[in-house]
Amino acid sequence: MGEKVLMKGNEAIAEAAIRAGCMHYFGYPITPQTEIAAYMAKRMPKIGGVFLQAESEIAAVNMVLGVAATGKRVMTSSSSPGVSLKSEGISYLAGSDLPALIVNVQRGGPGLGGIQPSQSDYFQAVKGGSHGDFKKIVLAPSSVQEMASLTSTAFDLADKYRMPAMILADGTMGQMMEPVELPEPNAKTFDKPWALTGTKGERKHNIVNSLYLKPEELEKTNFERYERYKEIEENEVLYEEYLMEDAEICVVSFGITARVAKNAIVEARAKGIKVGMIRPITLWPFPNKVLNAAADKCKAFISVEMNMGQMIEDIQLAIECKKPVYLCNRVGGMIPSPEEVLAKIEKVNEGGNK
Amino acid sequence: MAIVFEKPKSLTDATLHYCPGCTHGIIHRLVAEAIDELGIQGRTIGVAPVGCSVMAYDYFDVDFVQAPHGRAPAVATGVKRADPENNIVFTYQGDGDLAAIGTAETVHAAARRENITVIFVNNAIYGMTGGQMAPTTLPGQVTQTSPYGRDVETVGYPVKVCELLSKVDGAAYLERVAVNSPANIKKAKKAIKKAFQNQIEGKGFSLIEVVSTCPTNWGMTPVKALEWLEENMLPYYPLGVYKDIYAEEEAK
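Taken in sequence, the protein lines are chains Z and S.
Counting from 117, one number per residue, gives the positions in the first sequence under our numbering.
Counting from 9, one number per residue, gives the positions in the second sequence under our numbering.
Possibly wrong hints are sitting among the right ones.
Non-contacting residues of chain S with respect to chain Z, defined by C-beta distances greater than 12 Å in every case (computed) [stated by the list, open to error]: (1) Ile53; (2) Asp71; (3) Ala80; (4) Ala112.
Once the Cα atoms are required to be at most 30 Å apart in a straight line, the calculated DSBU-like pairs of lysine-lysine come out as [said to hold, decoys possible]: (5) Z:Lys316 with S:Lys175; (6) S:Lys211 with Z:Lys162; (7) Z:Lys158 with S:Lys211; (8) S:Lys197 with Z:Lys316; (9) Z:Lys320 with S:Lys175; (10) Z:Lys320 with S:Lys232; (11) Z:Lys316 with S:Lys17; (12) S:Lys15 with Z:Lys320; (13) Z:Lys316 with S:Lys232; (14) Z:Lys390 with Z:Lys378; (15) Z:Lys336 with Z:Lys390; (16) Z:Lys251 with Z:Lys308; (17) S:Lys17 with Z:Lys308; (18) Z:Lys330 with S:Lys198; (19) Z:Lys316 with S:Lys260; (20) Z:Lys346 with Z:Lys316.
Hint data in this document are derived by calculation from the structure and do not stem from the laboratory.
For glycine and all other residues, C-beta sits at the position ideal for the given N, C-alpha and C.
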């Protein structure tokens with residue numbers, strides 16, 4: 117591994133992206149992710165890369181689409197309201213089968229919401245969030261280290277499966293400083309015969325397009341894309357299990373709340389409560405199998421998230437409603453404390469249901 | 009026997025879907041001729057809009073990407089920046105795409121002096137959706153969504169793109185041409201070729217506005233449409249060079 121440095125989560129993403137061979141960044145300022153743009157603005161000119169501050173989020177994501185169409189690694193980043201603006205472009209990326217990285221350092225919503233951390237774009241991230249049937253790979257880092265390493269993973273998965281990938285972080289992850297071991301430069305290359313490089317008079321012209329006027333063709337394209345998604349669901353699920361061997365209560369949480377929950381779990385264990393955690397690292401594909409298996413051993417689940425209860429629905433689907441799932445949440449930029457999570461664990465352990 | 013006329017190499021053999029009398033065919037040809045003559049077919053990448061010319065990607069024998077509505081200049085920016093030494097990038101956009109939903113992308117690509125070529129086809133109406141009012145629809149002009157004629161009191165005035173962009177410092181070359189007569193078509197060809205030549209020379213943002221017709225949605229025969237263009241559009245959208253920073257520099 118590479119050198120260990122103290123960095124903000126946002127900066128770790130930017131540096132990891134460069135190390136993953138991303139030489140093009142397009143963005144627009146929005147709190148709390150602006151450090152990514154600032155880092156890129158400083159670094160890219162020094163290494164022959166491109167940093168461009170676009171006139172809007174919409175323009176930024178379409179610049180991303182342009183670079184992606186040429187087969188090069190490219191990214192944009194934003195926070196919740198800005199990601200809504202990018203959603204048109206994300207649908208086009210998916211419909212054109214283009215790899216690219218979109219980072220969402222979430223803040224509270226809806227509307228202009230607030231500038232404090234949130235996880236309320238979960239649905240937007242994992243359920244499509246734009247028009248049409250499509251998926252994107254969604255990775256949820258829980259440390260500055262993962263902000264870096266998952267950025268590298270996201271580029272590889274996007275290239276491998278020709279689709280957009282998203283880092284779904286939040287304001288805490290973006291602003292937090294931690295030691296991080298930066299990934300080695302990523303030398304992985306992917307064959308991209310579809311890329312627009314100019315025909316050079318040597319091949320048939322390539323077309324990158326999402327328009328299919330014949331319904332039979334559009335249907336076929338969608339079915340084929342979902343075959344690819346099935347492969348991803350089989351092969352690319354990432355999660356962390358924590359003290360699950362003998363757990364009777366399973367906490368499910370991602371990102372910053374997973375760290376809060378870990379503290380609560382340690383406290384609960386000290387009080388003799390058999391509780392563990394499954395932390396989804398890929399939110400899509402969701403760790404359905406491991407959760408479903410846990411439902412055969414555990415008596416209850418607790419979803420800890422910073423929204424009004426979004427991931428909880430995916431947990432219920434994953435465990436086929438075999439066991440109750442309780443929600444432990446704060447919203448609007450508020451972060452649950454370990455005490456709050458512990459209180460919920462104790463209540464559920466006592467058989468309470470609210 | 010000597011060949012005196014043939015299809016440009018940069019056009020494919022695909023049959024155009026455009027309506028009878030539509031001028032897109034002429035403009036496609038002019039763009040393809042310019043690409044052929046400049047010898048840049050192998051490194052040209054086109055950006056298709058949303059609208060009648062969305063399927064330009066099937067008609068030009070160059071690499072092509074289809075952009076979301078109005079976003080072609082932003083997509084072109086990405087394609088160009090990906091490999092500025094090699095890629096010759098052009099957008100081909102209609103009036104709804106470029107002057108309504110894509111106004112911001114157009115103005116800012118110009119402001120950045122993005123080294124791309126924009127072919128802007130202005131026929132004063134939304135063609136593909138069946139003839140609605142465009143940002144360039146003339147005052148009083150009847151369309152499906154201005155059935156009593158464009159009332160400037162309630163919906164405002166047409167957008168004059170070349171005039172607007174002529175005040176943007178970054179724009180390098182802006183010319184308005186028309187394809188209503190052989191003489192004008194020759195001038196249009198010259199302007200389009202220059203807009204590509206500028207890009208090859210790294211001179212920056214060049215936009216050619218091509219005043220054209222839509223016989224189907226104007227409800228006219230192709231010949232009548234050409235007459236209507238001359239009588240109504242050209243007085244409102246005067247032809248000529250609106251900006252040419254290099255010619256201005258030379259003149260100094």
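*Within a Cα-Cα threshold of 30 Å, do Lys316 of chain Z and Lys175 of chain S meet the stated pairing?*
violated (37 Å)
*Measure nothing beyond the straight line between the CA atoms of Lys330 of chain Z and Lys198 of chain S; if it is 30 Å or shorter, mark the hint as holding.*
violated (38 Å)
*Distal placement of Ala80 of chain S relative to chain Z, Cβ over 12 Å*: Since the minimum Cβ distance to chain Z is about 8 Å, Ala80 of chain S lies within 12 Å and the statement is violated.
_Against the 30 Å threshold, does the CA-CA distance of Lys158 of chain Z and Lys211 of chain S hold or violate the hint?_
Between Lys158 of chain Z and Lys211 of chain S the Cα gap is close to 26 Å, so the pair holds against 30 Å.
_So if I understand the rule, the pair passes when the alpha-carbon distance is 30 Å or less; does Lys316 of chain Z with Lys232 of chain S pass?_
violated (42 Å)
*Compare the distance between the alpha carbons of Lys336 of chain Z and Lys390 of chain Z with 30 Å, and conclude whether the hinted pair is satisfied.*
Violated - the C-alpha atoms of Lys390 of chain Z and Lys336 of chain Z are around 49 Å apart, more than 30 Å.
_Given hint Lys17 of chain S paired with Lys316 of chain Z - CA-CA distance at most 30 Å_ = holds (13 Å)
*Holds or violated: are the alpha carbons of Lys320 of chain Z and Lys232 of chain S at most 30 Å from each other?*
violated (40 Å)
*Hey, Lys211 of chain S versus Lys162 of chain Z, does the alpha-carbon distance stay inside 30 Å?*
Status holds; Cα separation ~24 Å.
*When you check the alpha-carbon spacing of Lys390 of chain Z and Lys378 of chain Z, does it fall within 30 Å?*
holds (13 Å)
*Against chain Z, does Ala112 of chain S hold up as non-interface, every C-beta pair farther apart than 12 Å?*
violated (5 Å)
*Is the hinted pair Lys15 of chain S and Lys320 of chain Z satisfied, with a Cα-Cα distance of at most 30 Å?*
With a Cα-Cα distance of about 17 Å, the restraint between Lys15 of chain S and Lys320 of chain Z holds, given a limit of 30 Å.
When the structure is compared with the earlier hints, violations turn up for hints 1, 2, 3, 4, 5, 9, 10, 13, 15, 18, 19 and 20 and for no others.
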